[in-house]
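**Student:** Let the sequences and hints guide you as you build the complete structure.
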Amino acid sequence: MPAEQTDTLVVGGGQAGIAISEHLSNAGVPHLVLEKNRTAEAWRTGRWDTLVANGPAWHDRFPNLQFEGNDPDEFVSKDRFARYLVDYAAMIRAPIREGVEVIEAARQPGKGGFLVRTSQGDFEARRVVAATGAFQHPVIPPIVPQSSGIVQIHSFHYKNPQQLPDGAVMVVGAGSSGAQIADELNRAGRKVFLSVGPHDRPPRRYRGRDFVWWLGVLGLWDIAAPAPGTEHVTISVSGAYGGHTMDFRRLGGEGVTLTGLTKSYADGVLSFSADLAANVAGGDANYLGLLDQADAYVARTGLDLPEEPEARQAFPDPDCLTNPLSHIDLAGEGVTSIIWATGFRQDFDWLKVDGFDARGAPIHQRGCCIEPDVYFLGLPWLSRRGSSFLWGVWHDAKYVADQIAIQRSYLSYGGNAAIVPAART
Numbered sequence: 106m107p108a109e110q111t112d113t114l115v116v117g118g119g120q121a122g123i124a125i126s127e128h129l130s131n132a133g134v135p136h137l138v139l140e141k142n143r144t145a146e147a148w149r150t151g152r153w154d155t156l157v158a159n160g161p162a163w164h165d166r167f168p169n170l171q172f173e174g175n176d177p178d179e180f181v182s183k184d185r186f187a188r189y190l191v192d193y194a195a196m197i198r199a200p201i202r203e204g205v206e207v208i209e210a211a212r213q214p215g216k217g218g219f220l221v222r223t224s225q226g227d228f229e230a231r232r233v234v235a236a237t238g239a240f241q242h243p244v245i246p247p248i249v250p251q252s253s254g255i256v257q258i259h260s261f262h263y264k265n266p267q268q269l270p271d272g273a274v275m276v277v278g279a280g281s282s283g284a285q286i287a288d289e290l291n292r293a294g295r296k297v298f299l300s301v302g303p304h305d306r307p308p309r310r311y312r313g314r315d316f317v318w319w320l321g322v323l324g325l326w327d328i329a330a331p332a333p334g335t336e337h338v339t340i341s342v343s344g345a346y347g348g349h350t351m352d353f354r355r356l357g358g359e360g361v362t363l364t365g366l367t368k369s370y371a372d373g374v375l376s377f378s379a380d381l382a383a384n385v386a387g388g389d390a391n392y393l394g395l396l397d398q399a400d401a402y403v404a405r406t407g408l409d410l411p412e413e414p415e416a417r418q419a420f421p422d423p424d425c426l427t428n429p430l431s432h433i434d435l436a437g438e439g440v441t442s443i444i445w446a447t448g449f450r451q452d453f454d455w456l457k458v459d460g461f462d463a464r465g466a467p468i469h470q471r472g473c474c475i476e477p478d479v480y481f482l483g484l485p486w487l488s489r490r491g492s493s494f495l496w497g498v499w500h501d502a503k504y505v506a507d508q509i510a511i512q513r514s515y516l517s518y519g520g521n522a523a524i525v526p527a528a529r530t
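Residue numbers for the sequence shown follow the numbering used here, so the first one is 106 and each next one is one higher.
Treat the hints with care, as some may be off.
[As the list claims (entries may be wrong)] Here are the computed lysine-lysine pairs in the BS3-like style, where the Cα-Cα straight-line distance is at most 25 Å: (1) Lys216 x Lys264; (2) Lys368 x Lys216; (3) Lys368 x Lys141; (4) Lys296 x Lys141; (5) Lys141 x Lys503; (6) Lys296 x Lys368; (7) Lys457 x Lys368; (8) Lys183 x Lys216.
Hints listed in this document are in silico derivations from the structure and should not be mistaken for laboratory results.
**Tutor:** See the structure below:
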């Protein structure tokens with residue numbers, strides 16, 4: 106069977122694939138979007154049951170479609186978010202082929218473009234856009250062996266407290282996922298330990314405005330991507346229970362036992378780094394820093410936003426913070442399961458091009474790979490801080506689609522019919 110042909114082949118039918126499809130269509134670029142599962146599959150099945158968006162509905166959306174039927178300040182459920190993406194794809198008539206897994210995309214020597222092998226046959230394309238995002242393969246550090254008898258899952262596979270065996274739970278990782286899961290388990294009556302690493306924790310709301318609004322007016326969403334090799338610091342924020350600031354002192358006061366970074370395991374004992382106080386202090390500094398910037402902005406602009414001095418009042422230090430544990434005996438504490446909220450690794454093994462560094466990360470500028478005709482979307486800090494968010498992906502996709510259209514315009518130039526020799530002098 107001959108290969109199906111298109112100009113641009115987009116791999117991934119999530120928010121990045123939908124966004125680039127809209128802009129490619131607007132630019133008149135023929136394209137197809139291949140999705141190995143269903144549109145927005147990660148939002149359908151790759152989240153826990155009670156997950157809600159971390160940003161309010163007025164903000165975490167594409168510019169051309171609001172969340173109909175939802176309060177603008179609501180943090181919508183994962184199912185509503187998935188339905189929004191499906192509705193948006195239908196609205197823009199995105200040419201998505203579901204159930205098509207890309208096996209390999211490689212250049213065609215001497216012919217130009219790419220041959221893309223899939224589970225449903227071959228495609229030929231001039232360009233390839235990898236819109237699979239960064240959250241492809243869950244990472245569980247090799248600390249606790251499977252022979253320990255402890256049930257271990259990644260936060261990607263966590264659904265609800267009932268799925269875990271009876272007993273205490275160790276949650277490793279205090280970004281948004283880890284902190285929210287620990288909070289949910291604690292509210293469900295479980296004994297919970299939470300391993301806290303370096304993090305940022307912005308105020309959920311301050312002076313009547315959500316933190317996403319503050320980052321917008323302060324220009325902080327547009328901070329350029331950090332230099333390669335910069336250590337990533339996770340953000341801890343929550344839209345759960347109507348939205349609240351993720352305060353680890355509060356969690357500790359409500360019964361969650363905080364620990365430092367999880368370091369090692371031996372003979373049933375899990376050991377931690379002596380960095381809990383420093384990590385919590387770092388999060389506090391980030392929190393207070395944003396309050397300071399917000400206050401300075403109000404003073405500068407004269408906005409009528411009420412002062413909120415109580416936002417600077419800290420919860421009391423729980424005992425687990427003043428007397429941090431260096432280790433716990435898992436059996437002695439009744440810990441029967443560990444949830445690893447320890448991130449993901451990218452996987453572009455299917456893309457056979459010379460466009461990656463030694464760690465396998467794409468080498469690109471604002472999504473345009475050093476390898477011609479290869480593009481990336483949906484990566485954190487692709488162009489700026491906002492690149493991880495729905496509207497940020499949309500704007501990144503606009504830039505990438507514009508670059509594709511520019512390349513097409515150059516390649517459409519046929520050259521002069523005749524070459525006129527230069528005059529002799």
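**Student:** Please work out if Lys368 and Lys216 have their alpha carbons no farther apart than 25 Å.
**Tutor:** 52 Å, violated
**Student:** Run the distance test for Lys296 versus Lys141: straight-line Cα separation, threshold 25 Å.
**Tutor:** Not satisfied, since the Cα-Cα distance of roughly 39 Å exceeds 25 Å.
**Student:** Holds or violated: Lys457 with Lys368, Cα cutoff 25 Å?
**Tutor:** Cα-Cα ~36 Å, so violated.
**Student:** Checking one constraint from the list: CA of Lys141 to CA of Lys503, max 25 Å. Satisfied?
**Tutor:** Roughly 24 Å between the alpha carbons, so the hint for Lys141 and Lys503 holds.
**Student:** Measure nothing beyond the straight line between the CA atoms of Lys183 and Lys216; if it is 25 Å or shorter, mark the hint as holding.
**Tutor:** Violated, at roughly 44 Å.
**Student:** Keeping to a limit of 25 Å between CA atoms, is the pair of Lys296 and Lys368 held or broken?
**Tutor:** 21 Å, holds
**Student:** Need the status of pair Lys368, Lys141: alpha-carbon distance at most 25 Å?
**Tutor:** Violated, because 37 Å separates the two Cα atoms, which is more than 25 Å.
**Student:** Holds or violated: Lys216 with Lys264, Cα cutoff 25 Å?
**Tutor:** 48 Å, violated
When held up to the earlier numbered hints, the structure conflicts with 1, 2, 3, 4, 7 and 8 and fits the remainder.
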